[in-house]
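6 protein chains.
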Amino acid sequence: MRLSCALLFAGGLLAQPAPLTVQAPAHSIPPYIADKLSPADRILFGRLMRVGLEAAWSAVTSEGFPLCFINELTPLNTDRRLVGRARTVRYLPNRKDLREKLYAASPQLNYRSAEEALPGDVLVFDAGGERHSTVSGAMVTTRFVVRGGAGILVDGCMRDVPDLAAMPISVYLRCGHASSVSPLMMSADYQVPVRIGTVTVAPGDLLVGERHGVLVIPAAIVDKVLDKALEHDEQEQFQRKLLLQGEPVYGVYPTLNESNKKKFEEFKKKNY
Amino acid sequence: MRLSCALLFAGGLLAQPAPLTVQAPAHSIPPYIADKLSPADRILFGRLMRVGLEAAWSAVTSEGFPLCFINELTPLNTDRRLVGRARTVRYLPNRKDLREKLYAASPQLNYRSAEEALPGDVLVFDAGGERHSTVSGAMVTTRFVVRGGAGILVDGCMRDVPDLAAMPISVYLRCGHASSVSPLMMSADYQVPVRIGTVTVAPGDLLVGERHGVLVIPAAIVDKVLDKALEHDEQEQFQRKLLLQGEPVYGVYPTLNESNKKKFEEFKKKNY
Amino acid sequence: MRLSCALLFAGGLLAQPAPLTVQAPAHSIPPYIADKLSPADRILFGRLMRVGLEAAWSAVTSEGFPLCFINELTPLNTDRRLVGRARTVRYLPNRKDLREKLYAASPQLNYRSAEEALPGDVLVFDAGGERHSTVSGAMVTTRFVVRGGAGILVDGCMRDVPDLAAMPISVYLRCGHASSVSPLMMSADYQVPVRIGTVTVAPGDLLVGERHGVLVIPAAIVDKVLDKALEHDEQEQFQRKLLLQGEPVYGVYPTLNESNKKKFEEFKKKNY
Amino acid sequence: MRLSCALLFAGGLLAQPAPLTVQAPAHSIPPYIADKLSPADRILFGRLMRVGLEAAWSAVTSEGFPLCFINELTPLNTDRRLVGRARTVRYLPNRKDLREKLYAASPQLNYRSAEEALPGDVLVFDAGGERHSTVSGAMVTTRFVVRGGAGILVDGCMRDVPDLAAMPISVYLRCGHASSVSPLMMSADYQVPVRIGTVTVAPGDLLVGERHGVLVIPAAIVDKVLDKALEHDEQEQFQRKLLLQGEPVYGVYPTLNESNKKKFEEFKKKNY
Amino acid sequence: MRLSCALLFAGGLLAQPAPLTVQAPAHSIPPYIADKLSPADRILFGRLMRVGLEAAWSAVTSEGFPLCFINELTPLNTDRRLVGRARTVRYLPNRKDLREKLYAASPQLNYRSAEEALPGDVLVFDAGGERHSTVSGAMVTTRFVVRGGAGILVDGCMRDVPDLAAMPISVYLRCGHASSVSPLMMSADYQVPVRIGTVTVAPGDLLVGERHGVLVIPAAIVDKVLDKALEHDEQEQFQRKLLLQGEPVYGVYPTLNESNKKKFEEFKKKNY
Amino acid sequence: MRLSCALLFAGGLLAQPAPLTVQAPAHSIPPYIADKLSPADRILFGRLMRVGLEAAWSAVTSEGFPLCFINELTPLNTDRRLVGRARTVRYLPNRKDLREKLYAASPQLNYRSAEEALPGDVLVFDAGGERHSTVSGAMVTTRFVVRGGAGILVDGCMRDVPDLAAMPISVYLRCGHASSVSPLMMSADYQVPVRIGTVTVAPGDLLVGERHGVLVIPAAIVDKVLDKALEHDEQEQFQRKLLLQGEPVYGVYPTLNESNKKKFEEFKKKNY
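Protein chains in written order, with my numbering: chain A, 2 to 273; chain B, 2 to 273; chain C, 2 to 273; chain D, 2 to 273; chain E, 2 to 273; chain F, 2 to 273.
So here's chain A without its partners, still in its complex pose (with noise of 0.2 Å):
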């Protein structure tokens, strides 16, 4: 939870001219999603929205995934929080034999997974990190925009970069290129586990993007990550504001002393 009057509040005490900032804006969901979600999956993605990145990883490893956090690809937009839920497509270098039986069972793969996209939905794209090639541009992006959805992250390019990052979705990516996805590329798989970076992604998975990297949360421990990890962000906002007092790291951080635990106890009273 973000209580950022309390920055404001000491820096006051700081006798400073201006307050030390030092905690990025918040985040909530776009409007063109939220208005799209279940209630349900708003009061979720309005939690993954505020929740801390890195209290979330320690939660998600904690319950036996360390291998959770994406940070080999690259967002268009730096300032922005990506919430969303995976739905995957595996892509192979191309091949003419396998290419026609695929194309002939489904359509290409880019165009079906933004068309059956449901909001909030990510496209997860593993293109196995091919550099000359794109998965997917700008036409089919605004389809899947349309429609609700929330951000693509490719191991791989796209084209169009310029207008996927004028787009209010958060987009992740190896590089840009203005190719076709032909001759160098195909998709061969939907909705299957896929590999970006060094993390396993599944269907139906929870993401957390921020500017350093994507955090990978399967949905059977969703809530139970974001109990914890909410929980511990509290305690990180009471720390914050007694490092801006100007008290030393020692006895605050990472666990609070005696004294300081019972003053967090008054803290939280405070606070509810």
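To be clear, the hints were calculated from the coordinates, so they are not data collected in a lab.
If you're wondering where the values come from, they're calculated on a predicted model, not measured in any experiment.
You may find that some hints are simply not true.
No distinction is drawn between identical chains; accordingly, a pair holds when it is met within one copy or between any pair of copies.
Unchecked claim - In silico DSS-like cross-links for lysine-lysine, where the CA-CA straight-line distance does not exceed 27 Å: (1) K225 x K102; (2) K97 x K229; (3) K225 x K270; (4) K97 x K225.
We have chain A already, so just place chains B, C, D, E and F on it with the hints.
Coordinates of chains B, C, D, E and F only, in the frame set by chain A:
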């Protein structure tokens, strides 16, 4: 051709409080260049400022030039479009004997290329990917800008990077450094074909760059490429409009179905 | 020394509607640091904020220190200048036996370095380029900022990256991650010479960073370096003025011809 | 077709004390595999042992499969030729929830693939380039060799590397490691198309490897490829003979001039 | 423990003309080292020469040291086993001021480490991955070999590589170069913990290397590790025997089923 | 100068059962080249075959050419010494328009360079590090070898690698591939200075290569370099002898103390 009004209109149809942005802002030739261009170049550069990079890539590729896109360099400013004509320089690792001969025969080529640059030129420095010695800096680039220089591409690095980023030109490079060109590098060849990333750039090529890379168009095909690509863009504007109105991707993109083709014909009539 | 008026004036001479910008904005010491510096440091830091990075590089190199520029790290904010004094920490891959001894003898060194930091200090963490385990985060950095810390250099990664980017300090790193320091890394040595990229940084070195890298200046030569470099910068301002007035690069840069040398002497008289 | 006698003869014509060696020694199917192959496979594998890798690459490419050569892996033994049929396994970064499901449904796939391997099979493990966790080792490979396994391709690493190098099979990998497969990786899919370097390998593909890489031939075109390539090889033997006799490359390679074409017709008659 | 007779026997059972080789040849301490070792070290080094690298890795990892395997370096000779005790040196990028102090206080550390080396020592040079400046060469290594030096690990490069490869020691490095150590590097610390690849090596650690990497064993746990691993190896020899006799992998590896466990008990009785 | 007898003698003094080998075997000009060299070249190449690579590097560097060593390529055979004279070719990424002009004006340059090669020449192909398209193969290299070609350096890749490795020449490359030169590359310039790794190679340069890299010696300084380096080598042989006799490194290497200097003078008298 861009029809940004159509987007706002489409947004209105969807009855959203704010229309969805799905396209990057349009670009125009910077005034300090435009003023100095010949009338023919002003028209050509204007079309290059407007064309879709991806449509142009398809046209260049289908003319028999698939190795035409440089995505290995990083632009200093992500919100500009580079448009210009290539003026090339090839650098080599420094060598006393060759350097003496070369520099006796001609001024160092970053000076000479800036001094001889025509309005709208892009200096293309092939420095073999070097990351510890720069090829040029803010002083010589000031002269280049005064002459109407449009951009710089370096497969290597440059110094004075904050100054370069503040100038109105577009600069792409591997990274920056504070060093001078010596003792590691020397300029060796002027106005010869050079390698930038995985692409050959020849003197006189037209270059179009966005944040995800630079398209290289041989001068002999630039008009044909622009005709094809701008026509394609017009259809994409119509397709984008349909998608924003909520139509599914099938039947709209990449090819219009019969019913939408008819609508497109009417759309074209209305817009001219 | 910067003479931004000269640039506007030059622009006027060229009779352009808007003067050409060819120089990045000037920097000054952030107030939260300036207030805490000793008078001597306030003068020193002021000169370091003003000096041209490239001129200073030349001066440091000509003093016999050619390995002085770090361009392997990425700054979180591209529009700031880092100025500060190095306080170093060396990390090693985690090892139970050594960790137990080290952490029994002293607090973890990211805590200790933040707690002992003097105003204007830059924490320099040599983490061997590690990309999957962080060395520090927003909480300890808050303490560091409260104490007047000026910046952080990490040959490795940090957590809480959006918070760090919102703080008034300058941070350079390989990438971000959401992990804690364990289980992959441990802090091992404090205030010893460390390796960052291809440069050795020693405790007490003065650091000056821009978006393209960080210059390392041994304390013993910093005054000599500044004298030389600031004098060089003054000449560059004059050269820039001539170039903006439309003079060719030959005779102006890198060395002034006889006629321009005389003009420079007059220019210097006028400006003092 | 190889005519090593022709080379010795050519050497004699040049009146050198020792003939020039310009061709690698011929290969044959290792006895432990040959004994177990079906008669049809013995013929097929024999032709694959003999065919020029470059001629076969041209034939595969001209059939519409340009992405057919893997040169990102390193062979443990540089003097062997790999010939075999692909049996594929896909690995993913480990994940507790998926691993439990997968391993409940089927034995770990390196065990299963070794146990189900047919004579002449090549295990193809797509481990996404992982360098810190192995997919298999000497014990399971012993079982694989006993069953007539011909080779292993790993886009990742293996353990027990000295033992693997001592076995009669051909092994290609990124590097070695002493770890077990867990805790970083898990086997996920069996006999599906996989990515190795920049190539898709499908179950049943024929593989031919030398020290510089592995050619992937879809089963449906292998006979056509071999017919074309072996005929091309015969001409290359003749061309090599001419070159060893001292003829200039023009008129001999890549295409024979009229006079040499006639000689080639005679040469073919003599040799059959 | 190795039972190579068992392999030949197994081969015989399969009625093959030649037995299958599935295991690398055994190693022993080179005589020029063995003669100089203390009796205790001769026993210890003998066990380290015999132990399975993978079994030892498991034992070290399960003792709480998972970061124990270096696979980033390349051995000059692929058919040797490195066994020895770490003597460490840390290099840093050259810096005139520090170098003068360091070299005034002690001889350059590659001289000193060679001169002080005890029989069976392995010089471990942490040069931060440097590829353009060497840390040592054949002359100083000759002195090291005369003193009974067992090997060299360099996270960097060495000169005189063909001479080093001809010596009886084991050398692992990033690459070679013909340069001297200056002007790019300097030796800075002696007998401190250093980083090689992703592993910390401390003075006194026991090192065991094969062609795929080097295992680092803290001295305090080496006996426990060897006990566990050699017992595991004995079972693997039995498992290998079963597999060579044609038994399926299930029930044999990784764990013996009940029936095979009984056979193993008998096997152990017979062999002692 | 090599004195291998001294080594055996030294070994005898140490009373070891087998003398320590501390030096790679000597090299000589392969007969198929030696027969074709001019008398002057036979002397020059003989000295280059004998000189210490590191001593020659020091001499070249002290003549003002520090960027003279290529260690980015891999030799196909690690036990050979390359000696020869550079004949250079520059490749560029393929481009239809330029290719047509280039190939109309001259045969493809790998044909031409092989056909025009003089005995002892080394073909130096600058292919910009390309890894997916080869510049030449076994057929053209056969012609090159017949003409007395000594070696090939490719900053890129070649086909027919096993055949090349079986030939008596020395080949260095990035990697191999089975492709032809098109469609990705084209030869563009002949006998111009080229970049290989971080070194400029000019036509006529003398090249000396071992398994760890290739030294580039401008022709104008080769005699001076050899005089200096061979004299240095003679002293190293004496130093090696002392070290093998058990003398400490101090007083012997890198500089002889007074007493050892006298012994060296006597040693030189005895050996001439």
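Consistency of the hints with the structure:
no., hint, result
1, K225 x K102, "between (43 Å within a copy, 21 Å between copies)"
2, K97 x K229, "between (50 Å within a copy, 20 Å between copies)"
3, K225 x K270, "within (23 Å within a copy, 53 Å between copies)"
4, K97 x K225, "between (46 Å within a copy, 16 Å between copies)"
Checked against the numbered hints given earlier, the structure satisfies every one of them.
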